[in-house]
Structure formats: C-alpha cells, structure tokens
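Number of protein chains: 2
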Amino acid sequence: MATANQSFSQILLGRPLETAAAPHQAIGKVPALAVFASDALSSVAYATEEILVILALAGAAYFTLSIPIAIAISVLLIVLTISYRQTIFAYPGGGGAYIVARDNLGELPAQTAGAALLTDYILTVAVSISSGVAQITSAFPTLYPYRVEVAIGLILFMTVINLRGVKESSSAFAVPTYFFLGMAFLMLIVGAFRWATGTLPQVSSVEMVADSLQPLTLFIILRAFSSGCTALTGVEAISNGITAFKEPRSRNAASTMLAMSGVLMTLFIGITLLARAVHAQPSEAETVISQIARTVYGGGIFYLITLISTTVILIMAANTSFADFPRLAALHAGDGFLPRQLTFRGSRLVFSWGIALLAGMASLLVIIFQASVSALIPLYAIGVFLSFTLSQTGMVVRWQKVSKMQPGEEIEVHGAIMRYDSQWRWKQIVNAVGAVMTFVVMIVFAVTKFRDGAWIVIVLTPALVWSFFRVHHHYKSVASELSLAGESKPIAARPLKTLVLIDNLHAASIRALNFTMSLGESWTAVHISIDPDRTADLQRKWAARMGDTPLVVLQSPYRSLTEPLQTYVQQLRQESPNAYIHIVLGSLTTESYWQQALHRNSTLAFRMAFRQMEGVAVTSIPFQLHNLLSEN
Amino acid sequence: MATANQSFSQILLGRPLETAAAPHQAIGKVPALAVFASDALSSVAYATEEILVILALAGAAYFTLSIPIAIAISVLLIVLTISYRQTIFAYPGGGGAYIVARDNLGELPAQTAGAALLTDYILTVAVSISSGVAQITSAFPTLYPYRVEVAIGLILFMTVINLRGVKESSSAFAVPTYFFLGMAFLMLIVGAFRWATGTLPQVSSVEMVADSLQPLTLFIILRAFSSGCTALTGVEAISNGITAFKEPRSRNAASTMLAMSGVLMTLFIGITLLARAVHAQPSEAETVISQIARTVYGGGIFYLITLISTTVILIMAANTSFADFPRLAALHAGDGFLPRQLTFRGSRLVFSWGIALLAGMASLLVIIFQASVSALIPLYAIGVFLSFTLSQTGMVVRWQKVSKMQPGEEIEVHGAIMRYDSQWRWKQIVNAVGAVMTFVVMIVFAVTKFRDGAWIVIVLTPALVWSFFRVHHHYKSVASELSLAGESKPIAARPLKTLVLIDNLHAASIRALNFTMSLGESWTAVHISIDPDRTADLQRKWAARMGDTPLVVLQSPYRSLTEPLQTYVQQLRQESPNAYIHIVLGSLTTESYWQQALHRNSTLAFRMAFRQMEGVAVTSIPFQLHNLLSEN
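Protein sequences appear in the order of chains S and V. Under my numbering, the letters of the first sequence match residues 1 to 632, in that order. Under my numbering, the letters of the second sequence match residues 633 to 1264, in that order.
Just to be clear, a hint being listed does not mean it is correct.
[What the hints assert, rightly or not] Just so you have them, the derived chain S footprint on chain V, three or more residues with Cβ under 8 Å:
| id | stretch |
| --- | --- |
| 1 | 990–998 |
| 2 | 1141–1147 |
| 3 | 1226–1237 |
[Said to hold, decoys possible] From the derived model, a few chain V residues whose C-beta atoms are all more than 10 Å from chain S:
| id | residue |
| --- | --- |
| 4 | G691 |
| 5 | P773 |
| 6 | L818 |
| 7 | R826 |
| 8 | S887 |
| 9 | I933 |
| 10 | P971 |
| 11 | I1043 |
| 12 | A1124 |
| 13 | A1125 |
| 14 | P1127 |
| 15 | L1137 |
| 16 | P1209 |
| 17 | A1249 |
| 18 | S1252 |
In short, the hints are calculated from the structure, not lab data. Ideal placement from N, C-alpha and C gives every residue a C-beta, glycine not left out.
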C-alpha cells in the first residue's frame, strides 16, 4: 500500500527535490510587476460590481455615485502607495506587516497583523476563485448550477500545482498578467471610442438583483465605498517581496509599486466609468465585466477572450495566496506561534501543511458562501486594512526612533538597517496619514458590513491571536521543561524489568519471545487471562514448549486488556522505583488495511494505557504475514 | 483525558461487570411469550396499513381485498408454525436458521441465512422505530417534521440501554407486551361491539396517499400480499431461544409458539377487519392503528393509551434486535466469518461492537428513508423469508438423514441429538411445504418490490456473503501462517543491534539514551540531518555532553524523516541478516490532545516505515510533560 501511494503521489507531485535545489533568482521590473501585481490588478474584476450591488439597494438611479466613490478609493490608493514606498526603502529585506509590526510595535500587534493577513489570504483564494467562476458562468450560463463544484475543482487543481512547487518563473506570470492588461485596456479604449462616437449600446437582458428599495443614506454610500475598497487588496504584495528584485532592490521595487498603482487606478476608474456608460446592472447571472465586454464588442471572440483573460488573472491572484500563505504561516510557526509542522518542507520543497490548510479553509468558505463574491466580500478586506494600519503605525514609531539617532549612525534590527534621515518628520507624517486613513476605512468597513459577515472576522481575529499566544506559551513551557539547563552529569544506566506479553503461543508470540531473549537480560512472560479456557490451553502449550519457564497469569475479571497489566506494572514500579519497565508484545502486520482491521491491533491500546506512566516503554515486534499477499 | 472519559462512560453505562456474572435463568411460558413475541406481535401495528398503501394505488374501492389477503397470510402463518414446531423439537439447543442451515446444508447456505438475518435485524430496528415514531406523530402531529430526530434519539437511547446490558428480566418484557395485548384486544372487542350495534363511526379528516389511479392487476394484489407478509417477521424468534425455556424445553417452547401464532393471527385479521369497518385510509400523517383507535373510542384517554401501548411494543420489538444481532454477529465472528472484535464482550458483558454496528446501520437507514415505514418495507422481510426457506430446507435434508438411521440410534451433531423417527416422511413433507411456500413468497416479494428497494437487499446479500467468506479465508490463512505445526526446537537468542535516534539533545532524548544504556548492550546513536545548522548545533552539544561517543549522521537531502534510516537499517540487515534491529527514540507525551497535535509525533511515522521490515522493532520512550498541566 505504502509503495503504491508513494508512486501515486510521485506521479501527481513529481520526484522529490533536494534541499539544496531551492532557487534564488532576482527578476527585473517588467516581470516583477506581473509576479506581484496579479492580486491587486485582478480585484478590478469585481470591485466596481460590488459598489453597484450596494447602490442597487437604493435604486439604479444612484449608480452614478459609483464614479465619485471610485475616485475616493483612488485617493486612498495614492496615499497607500506613497506610504508603502517608504516601507520599501526602510525594509529592503522585505517589509511585510508582520515584520514591521514585530520590529516596532511588539508581539501582540505583530501577531494581530499576522492573523489578519492569514485570514485574508484565505479569503483572497475564495473571492478570486469565486469571481473567476462567475466570469466563466457569465459566458456559459449552463454551468451556473455547478459553480461550487467548478470552484472546488479549481482550488484542488491549484493545490496539486502548488504541492508540486510552482517554479516562480516570471514568464509564467508575465504572459497572463500582460495578456489581461492588454485585453482590459483594449476594452477601455474601444469602449471610450464607441462612447465618443455615440455608437456604444446599452446592456440588455440582465435581471438586476434588488428587492425592496431603501432610501439612499450615508450608511449605504459608506457601505458601497467599503465594498469598493476591495480594489486595494494586494497592493502590499511588493513590500513583502523586495528580495526578489534586481539591485538596486528598493528603487526597483518602488518604481514597480508606482507603476502598479497607476495601472490599477486607471483600470478601476476606467471600468467604473464604462460600466456607467453601458448601464451595467449588478447581477448574480452575469458579471459587470462580462456585461461591459459583451456590450462593447457585441459578443463574439473578443468578448470571450476578454473573459478568459479576466478568469486567468483571477486564478493567478488566488495562486499568489498559495505562495504567500504557507510562507507567512511558516514564519509564524518558526517563531512558535503556530504548529511547528507548518515549517516542514515537503518532498517538493514546499510548505505542504500550509498549502493543505489554505486549500481546506478556502474550499470551506466557497461551500458555505456558495461561491458568491457578494456574500464573501463583507468578510474580505477588513483584515487587509487592519494590517495596513498596523504596518503604517509601525512605520510611524520607526521614524520616531530614527529621529533620536545621530546622523551617520546605523542600527541593525532583524536584518533591517536603520539610518538617520533628516526628512524623518515629513515621512512620519505621510505614514501617519496612511495609518489614520486605513484605520478609518477599517472602522467604516467593520460598521457598515458588520451584519453582512464582517462580524465573523471581528470575532475570529482576536480568537486567532489568542490561539497563537496559547501555542507560543505551550512551546515555551515545553522548551523549558526539556531544557537540560547546563546539566552535564554522566547518564547512569538504571535497572530494567522486561515483560513479554503472551496472548497465545504461535509464530508471532514466538518471535516476540525470541526478541526478548535476544535483549540478553532476564525477563518475565505475562499472560492476561480473559477467557479461562483459552488460558488453560495456553498454559498447557507453554509447559510443553517452554518447560519450567514461569508464565505469570494476570486475571482480568472485567475483560479489560490493559487494566490488569497496569496494576501489575504499578506494583513493579513500587518495588523498584528507579527501574525502567519494558513491555514487549508481538503484533501482526498485514499487507492491506482491511486485513489489518480484522485484527485486534492491541499495541495501540497498550501504548495509550502506559503513555502517562513514567519510565514504561512498550515495544511491539511486528510479525509480517506474507502469504496473505495472494489475497489481493 | 482517559480518566475523564472512563468515568463519563461509567456514569453512562454503569460499573464494569465480572465475566462470572453472566446470568443463566430459565423462564416460564407466560413471560416467555412476552420475551420472544414482541417482534412478531408488534408487526400488526403496520402490516394492515402496508396492504392498504398498495391497494390504494388501484383506488379505495379495492380496500376490501385486504381481508382475503390477510387470510392468505394467516394460512402461511399456520404452515410456518407447524414447520417451526418440528424445528423446535429437533433442536432443543436452539435452532436458528444459521445453525439448521450449517448442520444440514453447509457453509454457503448457512452464511447466506446469517447474512439475511443480520440484514433483517437492522431493518427490524429501522422499521419498528419508524412505526413507533409514526404512532407518536399520529397523536402529536406537530412532531411530524422532527420524526427523523425522534427516531434517532430512540435508537441512541436503546444503544445506551443495551450497552449497559439489559438484564433480561422477564417482567420488563411481560408488562409492556401484555399491556399491548390487553389494549389491542380491548380495541377489537369495543370495535366489534359498536359495529354490531351499528354505532361505529367512520374515519374522518384523513388525507389518503394516492396520486394517479392504476388498474387493479394481479401484480398489485401480489405486492399488497408481500407488504402484508411483514406481519410474519419475528415468528422464528422462539426457535432461536429454546434454551431460555424451563424444562421440558421443547414442549414449552412449542406451546408458546402455538399461543403466539394464535394471538398474532387473531390480532392481524381483527385489525384488518376493523380497519375496513371504519374505512381507515393509509396516510403519512396518521397510522391506521391511530385511525381505528380514534374512531372506536372517539379520541380521549383510551385512544392515547392504545397508541402508547403500540409505541412501547414497537420499541420492545426493536430491542429484541439489539439482543439478537450482536449474538448472531458474535456467532459468525466466532466461526471466523466476521471480524473477531464482534466476539469481545465489553465492560458490561455485552457485545459492544455488535450493538454499535447495529445502531449505526439502523440510524443510517432511518436517515436515508426519512423514518418512513412504507419506504423501508420493500427492503424488509425478504431476508426473513430467505432464512425461513433455508431453515426449512435444512429440516427437509435432516429428515432424509433421519430416515437412514436405525430405530433407537442417536447421533450428536453440534450438540443437537438426532434420533430415528418413524414419522419422518410426514414431517419431511410438512417442512417441504414450508420451504416451498416461503420460497415462493420470497420470489413474489423480490419481484413485486424489486424497483421499490428490494433490489438493494438482493444486491447486498450476496455481497455480504462474499465478504464473510473473504474474512474467513483471511483468518484461515493467518492461522496457518502463525501455526507452529508442532515445531518445538528451543528458541535461540539472535544478535541484536540497538540504534537510538537523536533529534536534539534535551531531557526527552536523554531519557531515550538512558533507556538504551539500561538495556545493557552496545548501541549506536543516529541523527537524521534535515537542516545542516541544527545538525551542527547538535554535534556541538553532543560532543560537550557525550565526549567521544560517536554520533552517526544520516543526510536527508529530500527532508524525509524516515527514508535515510530505512536505507541505513537495510545496510545493517545485509551485514547481519540474522540480527534484530531495535530502534529506540524519545517521544513527548502531553496531557491533552490539542497539545499533542502541536508536536511532530514521529513515532508513528517510524513505526509505519518499518512495519514491513522483518526483525525491526521500534520503541518509543515517552517523556511526560507534567508542568503543562497548568495550561488546562
């Protein structure tokens, strides 16, 4: 079985990779934009639509409000870009929110930022895949009833791809990203041209999602603004990945960030304007992007290619989470805040546990929310904005530290070099503005989306942080208990009592006896008597085979396998408190699991029974049943 | 955790019972009727209704046909009773279909009978509980939407009761059974009196289940007959349990069987007649019994008491399966056709695995068929009639053997004494008639109910029989492989190579080292190097603490924990093919499962890696982390 599994997993995942094979290669600005921007750019596929979904509550008459809202979000993007530029220069080794918060604010804000980011990576997968599937079902409405299945299928596919290990070749990213950018800009240009020449038709035959109309309130406008802010998710990606850039790293990363923000802003405002021009209607059946493309091109091959490019960029966006989540989870685990297993690299050098965890959680979300982007959006982005706020606040604190340094002085903190900067006050103000604005947006988001699902994240994030610290406390106390604290006295052998359990006298128990004899120490054979007839039978066989060698019989009046032995071992320990008790028993090993299930497999029961007893070890001697092979 | 669980299970199930406490007490005829007849008698609660459900397909005009159908079924009952009387006298030690088939027909028919009976015990629980719940929801229609939950609740309740061990005190059976009989006969008498005096009203306000009418065909009449045959399930119970009777056992059992059949026939025909007289309508909302009682008594306390007594007898009927299924499964398991675990008696002397299996399967059926008796009926009874046929055929073969004996000669087969009987030919004819009639009914049942669900049983039964033989083959080949075949040469100690795995140098690995030293043989310390930095660190610590003692470092370029060690062990085995390899490693034991999940728990990985390697044993030395207690 094990062999069959192994070869199956090798077919699925490829041959194992050596640790030394981990690649380190720097990339230029043009491919870097593709690698880091897919998450941010793909959000234009749904951000405009989500604004319209909320405005629809007050009626289609207010759809024009989407334009000022998009402009307000763009202003926020400009502030964020300037703030993050400073982070990029301050942390050339990579300045994710977790690291910036840990260096400047302490453990609690750092863990909070981490929890928020991990949650949001999961949501990025769920939202991007759901949106990608929505593009597919816009073009092929017959697939709509199977949207959950299609989404889960895509997540599984990406899981396998990532367990194989995506070779982060920049071309794999560059082609779909620039393909999407090309198609998106083409759509904007053709649309603008047809609008200017008065030949742009309006969307037809789309049923809008709206039940009873509510009056337009500030609350609704803020809700629409919050929904649109999902356009900003992913803009922090470049600051996390500065080390991937060619030298001068920070400068290249900063100009890539600038380019990304410019493209993002243009696309977002352009799509919002065009949606207005064609009178796009938010709808479960067809995405706004599909409506625009269909109207601009009048259907046909260009429409289809536009949708395909959008779907592909959304899948690429989900894929960035498959790279980032396991890496961040491993960082947390390495610091002892998440289970250590998350730091293990699998046979293909990837963090397999992290990938599996991400895929499992994202699939769960897709199933619960039925692959609906609008249902997922209230959970999304709140974590991103929390981490924005913490990261910018960390920068503010950092500038305060910088201000106390001497010109020319350099301090290294966790690999990031801190230098005096005469401009510190201005830069601090920039980051402070960023921190305040993102904080305000987060509060607006939390309040306006609270009932729609934001409460889940608001409850979950502190719960996660609490668990992180509980895990950390556990590892710390284990470490202190395992610590030898400089103790170095020689290790003295202790007395040993060996027991061999005899259930019946057959080839497997003979092997256990043989092993026990081979240990070369004295030993005692013990039988636990549940059925008096079987015991009498064994005693007869024992005498015939083993002569005078005594066989201790422990009565088990309540038919428990382990309790009489526990009592016996307790007695032995009282007699010689310093001794190790070594319990040897035979066990049968079959080739297949259904066969194994036909046997008692009592080894586990004994191991569990003695796991809390100090100095007691249980050894099972497997006896391989080979002739059963033919049964398969 | 283990302790907490144990005390919880003791609260739920009671204190453990000694093996010697198993009771053996003989009972008289009057309580015996109660103990063995609840299954058979309770079926009158649904048999009439199920006939009407099928006749309704052709229209209410044909409901009068239920009377000749009930009479035909009663004729079948008479034949069965006479046939089973003979089985009772032939097998005073208990003559269940499994035993009669095994003695006279061979393994395959015996296993088939067993598979059929086990399936039907599961269905008895599902049908009886569903019918009981239908009585409850007839009286309290608000409970109808929760019928599945109520049914599962009842099954869970019975599971706990039976895991505690039902003390088969006859009064616990006698009270509800005779209470039901009293209420049922009272209803018949009052109903007959009101009918004779012309004061019997007709059922009102019941909506009949019928969509489009079909013409009345022979097929529909046979289907109705098949449905009604469920009244005969359970009549074999007395022949299984003859040992429980006072001496003269067979005579007492036979007259009890006669009494039971008489009561069953009277009740079944009486209820069918009364159902016709009050114009009862088959309905999902109200059972026929409820309609009759409501009409006869005009509602009120007598109506309610009648329904309660019916519900209780149905639950008692389900309870007989909880006694019979685990016993029969243990019989199969003892003969090696089902997993041995089914023969283990739990702390309360009951076959816990069998009870759990029955409860699980019955619950599954109740959930799948939404606690609908009419939906479950097509699966039911086919197994019973198959086992009737096999048992009667077995008797026919037995009489043939008897005919060849000398007068006065006695042969013992499996505890049943076979004597010459001059009446053998007549008796053989009786059993042959029984065999043929039950076989015909089974075929009618299979054909007429095939599409409604009988196909499931028709597919499942051979599959079960096949698995039984596969299990049997497995146990036989294991036994032959384990057999020492009279070998008795002295057991010679073999050379031993002890390896101790060192992952890091801390208290737990020091304990593993200490245990290894205490074994008193030479040993080798081995480290599997995944991370070069950690290995260098360990080597430094090792040198400081252990001086010149060598530490073998196995490189693991693919980060596998077990593969380098497997290769190393293979080398050792090639060097000394006769040696045992003993691998010792430390492991951490925490108090709670969430803490345990935070550790690598590599013991299992090593044990799995070496389970197929002959002569390799893995011992983990647990290190108990006690100070973590305070975390809980």
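To see whether the hints hold, each was checked on the structure:
Check result for the stretch 990–998 of chain V against chain S: violated, 0 residues qualifying (beta carbon to beta carbon below 8 Å, three or more required). For the stretch 1141–1147 of chain V, the assignment as covered by chain S holds, since 4 residues bring a beta-carbon within under 8 Å of that chain's beta-carbons and 3 suffice. Under a criterion of three residues with beta carbons nearer than 8 Å to beta carbons of chain S, the stated coverage of the stretch 1226–1237 of chain V is upheld, 5 such residues being counted. In this structure G691 of chain V is separated from chain S by more than 10 Å, as the shortest Cβ-Cβ distance comes to about 39 Å.
Residue-level check passed: P773 of chain V sits 34 Å from the nearest beta carbon of chain S, beyond 10 Å. Every CB of chain S lies more than 10 Å from the CB of L818 of chain V, the least distance being 46 Å, so the non-interface label holds. Distance to chain S confirms R826 of chain V as a non-interface residue, since its nearest Cβ pair spans about 57 Å, more than 10 Å. For S887 of chain V, the non-interface assignment is confirmed: its Cβ lies about 36 Å from the closest Cβ of chain S, beyond the 10 Å cut-off.
For I933 of chain V, the non-interface assignment is confirmed: its Cβ lies about 47 Å from the closest Cβ of chain S, beyond the 10 Å cut-off. Here P971 of chain V does not stay apart from chain S, with its beta-carbon only about 5 Å from theirs, under the 10 Å limit. Distance to chain S confirms I1043 of chain V as a non-interface residue, since its nearest Cβ pair spans about 26 Å, more than 10 Å. Here A1124 of chain V does not stay apart from chain S, with its beta-carbon only about 8 Å from theirs, under the 10 Å limit.
Interface exclusion of A1125 of chain V from chain S breaks down, the closest Cβ pair being 4 Å apart, not more than 10 Å. Under the 10 Å C-beta cut-off, the non-interface status given to P1127 of chain V relative to chain S is violated; the minimum distance is some 7 Å. Remark: the non-interface label on L1137 of chain V conflicts with the geometry, its nearest Cβ contact in chain S lying 7 Å away (cut-off 10 Å). P1209 of chain V, annotated as away from the interface, keeps every beta carbon of chain S farther than 10 Å; the closest lies near 14 Å.
Non-interface call for A1249 of chain V relative to chain S: violated, since the shortest CB-CB distance, roughly 5 Å, does not exceed 10 Å. With a cut of 10 Å on Cβ distances, S1252 of chain V falls inside the contact zone with chain S, its closest approach being about 7 Å.
Hints 1, 10, 12, 13, 14, 15, 17 and 18 from the earlier list are contradicted by this structure; the remaining hints agree with it.
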